[in-house]
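Since the structure of chain A is provided, determine the placement of chain B on it from the hints.
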Amino acid sequence: MGKKRKTSEINSSSMADIAFLLLIFFLVTTSMGSTTGLTRRLPPPLPPDQDIPPVDINKRNLFVVKINSQNQLLVQGTEISVKELRAKTKEFIRNDANELTLPVKSKVTIPLIGEMEITKEHVISLQNDVDTQYQAYIEVQNELVAAYSELRNELSKSKFGKEYSELDEAHQKAIQAAYPQKISEAEPKNYGGVK
Amino acid sequence: MAQIRKKEDRETPALATSSLPDIIFMFLFFFMAVTTMKEVTFKVRVSPPMASEAEKLENKSLTRYIYVGKPMEDLKKTFGSETRIQLGDAFADVSELQQFIINERSAMKEEDQPLLTVSIKADKDTKMGIVNDIKKELRNASALKIIYAAAKKTGS
Numbered sequence: 000m001g002k003k004r005k006t007s008e009i010n011s012s013s014m015a016d017i018a019f020l021l022l023i024f025f026l027v028t029t030s031m032g033s034t035t036g037l038t039r040r041l042p043p044p045l046p047p048d049q050d051i052p053p054v055d056i057n058k059r060n061l062f063v064v065k066i067n068s069q070n071q072l073l074v075q076g077t078e079i080s081v082k083e084l085r086a087k088t089k090e091f092i093r094n095d096a097n098e099l100t101l102p103v104k105s106k107v108t109i110p111l112i113g114e115m116e117i118t119k120e121h122v123i124s125l126q127n128d129v130d131t132q133y134q135a136y137i138e139v140q141n142e143l144v145a146a147y148s149e150l151r152n153e154l155s156k157s158k159f160g161k162e163y164s165e166l167d168e169a170h171q172k173a174i175q176a177a178y179p180q181k182i183s184e185a186e187p188k189n190y191g192g193v194k
Numbered sequence: 000m001a002q003i004r005k006k007e008d009r010e011t012p013a014l015a016t017s018s019l020p021d022i023i024f025m026f027l028f029f030f031m032a033v034t035t036m037k038e039v040t041f042k043v044r045v046s047p048p049m050a051s052e053a054e055k056l057e058n059k060s061l062t063r064y065i066y067v068g069k070p071m072e073d074l075k076k077t078f079g080s081e082t083r084i085q086l087g088d089a090f091a092d093v094s095e096l097q098q099f100i101i102n103e104r105s106a107m108k109e110e111d112q113p114l115l116t117v118s119i120k121a122d123k124d125t126k127m128g129i130v131n132d133i134k135k136e137l138r139n140a141s142a143l144k145i146i147y148a149a150a151k152k153t154g155s
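First to last, the sequence lines map onto chains A and B.
Under numbering that gives the first Met the number 0, the first residue of the first sequence is numbered 0, with each subsequent residue one higher.
Under numbering that gives the first Met the number 0, the first residue of the second sequence is numbered 0, with each subsequent residue one higher.
Looking at chain B on its own, in the form it has when it is part of the complex:
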C-alpha cells in the first residue's frame, strides 16, 4: 500500500562547503600561472601605444624596463607634470641611464650579459625627443637590444 508520508518540518540542509577550498585553490593556481610578479610600483602613468605586430617577449629575466611618462596624480605636486623617466623604483635623469645599464648588466650572469634586453615602456603621448635621448644613451651603454613596449592590437 502506498505509504503516505507524514508531514513534517523540513529544514533546508546546510550548504555543503567542503569543496569550497578546492575551488579557491583552483582559482589560486590559475592566477599563479597566468600572472607575473609586479616589476615595480609605477610612479609614472604609462598607457602603451597599440601595435598589431607586437611580439611576445621571450625572456623576462633578461629584460630591464625603462618607464617613460607623466608622474601619477598624487606625485604631480612634488614632481611636476612633465614627462619623466623611471628606472627601478625611482625617478631618474637620462644621464643616470648609462650607469643603470652597467649596474644591471654586472648583476647578471656572465653568459647572459650580451642578451640583455631593454624594454622601453613609454606612454603613447610621450614626445619622441625624450625617447631619442634614451636611445642615444642605450647606444652609448651598448645595450643594443631594445623593445618598444606596445599593446597587442587584435583584428586589423
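Only chain A is shown next, with the shape it has when bound in the complex:
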C-alpha cells in the first residue's frame, strides 16, 4: 500500500496521424497563391435619360488605341504591334521635344519636385471590339501601365535617386502628380469586324 505509481507516458504515436489528417484537410480546402491583377477605376454612372455631355478634348491630347476583333492594334491611325506600344506611349506622355502633334505641356509646381513641365491633359483612350480576345486586351492594358511605371521610375531615379517602389508615400504622390494615370475605357464600338 502507498506505493508510488509512475504515471505512464502518453502514447504519442498517433500524433503524426492526427497532424497528417489536418495537413491533408488544409491542402484540400485552401488554394495556393494570391490574387494579382491590374486595378482600374470605372467612370461614375451616368444618370439615365440624359445625353452624354460632349467632352471637349483637344485632339493632340488624345492617344487612341484601338484593338479589333483580330487582336490587331491601331494606335493614332497606324497599325503597330504590342511590343512597340510601350515606347510609343512613353513618347506621347513625355513629349520631350514639345511637338505640336503631341499633348500640350504646362508648367506646374509639384511639392517635393518643384516646377516641372508635364502633359497634364493627356488622355489615353482604349477602345476595343466586341470580339477582342481578353488576353489581347489585358496585354494592351499591361503595356500602358508599364509605360507609366517606367516613366515614374525614371523620374524618381533622377529626382530622388531611388526606385519608385522604394519611395515613401509622400514622394510617391509627387511622382504620381507628375505622371497621372489617365486611361479612359470607352464604351466599345463595333468597328472593323463583320457582325
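Result set (DSSO-like, lysine-lysine): computed pairs, CA atoms no more than 30 Å apart in a straight line:
1. A:K82 - B:K134
2. B:K151 - A:K82
3. B:K152 - A:K181
4. A:K82 - A:K161
5. A:K87 - B:K126
Since the hints were made in silico from the structure, they are not lab data.
Just chain B now, kept in the frame of chain A:
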C-alpha cells in the same frame, strides 16, 4: 589489451518516429500560412491572362469575384459550352450582377462599403463583349473599383 568484441546478431534499431509529428506540424503551419481558403467551387474554367505589371491585391475581405469562362467539362452537357458568368457558387446572367453587388455591399460593414472591389476573373480566351457588359453593369451598380485578375508574368 584490446578487447575483441564477440560477434553478435546486430539488429537495425527501429526508425525513430518521435519527431515525425513535429515535422508534419511544421508542414501544416507552412500551408496554413501560404494558402488561402478557396473562395468558391469553380464551375467555369478560368486560366487568367498574363501581365507583367500585375499588382498584389491589398485586401481580400473587401473583394468580390466574378468568374467568366467556359463551363467545366462535366457541366458542359447541361450548361453548354458558351462562355458563362459565375457569381458565388452558381451560374448567373449579366442582369443579375447589379443585384449581386447590392447584396454583397449591404452585407459588408458600413465603413467598408465604399471600398468594395470587384475582381473580374476572366479566361484569357473570353471575348471582350461579355466583359464590356459586366463593366457596364458594375458601373450602373456604382462598383467602380475593379481589378482585372491576371497572373504575374516574371521576367520580361
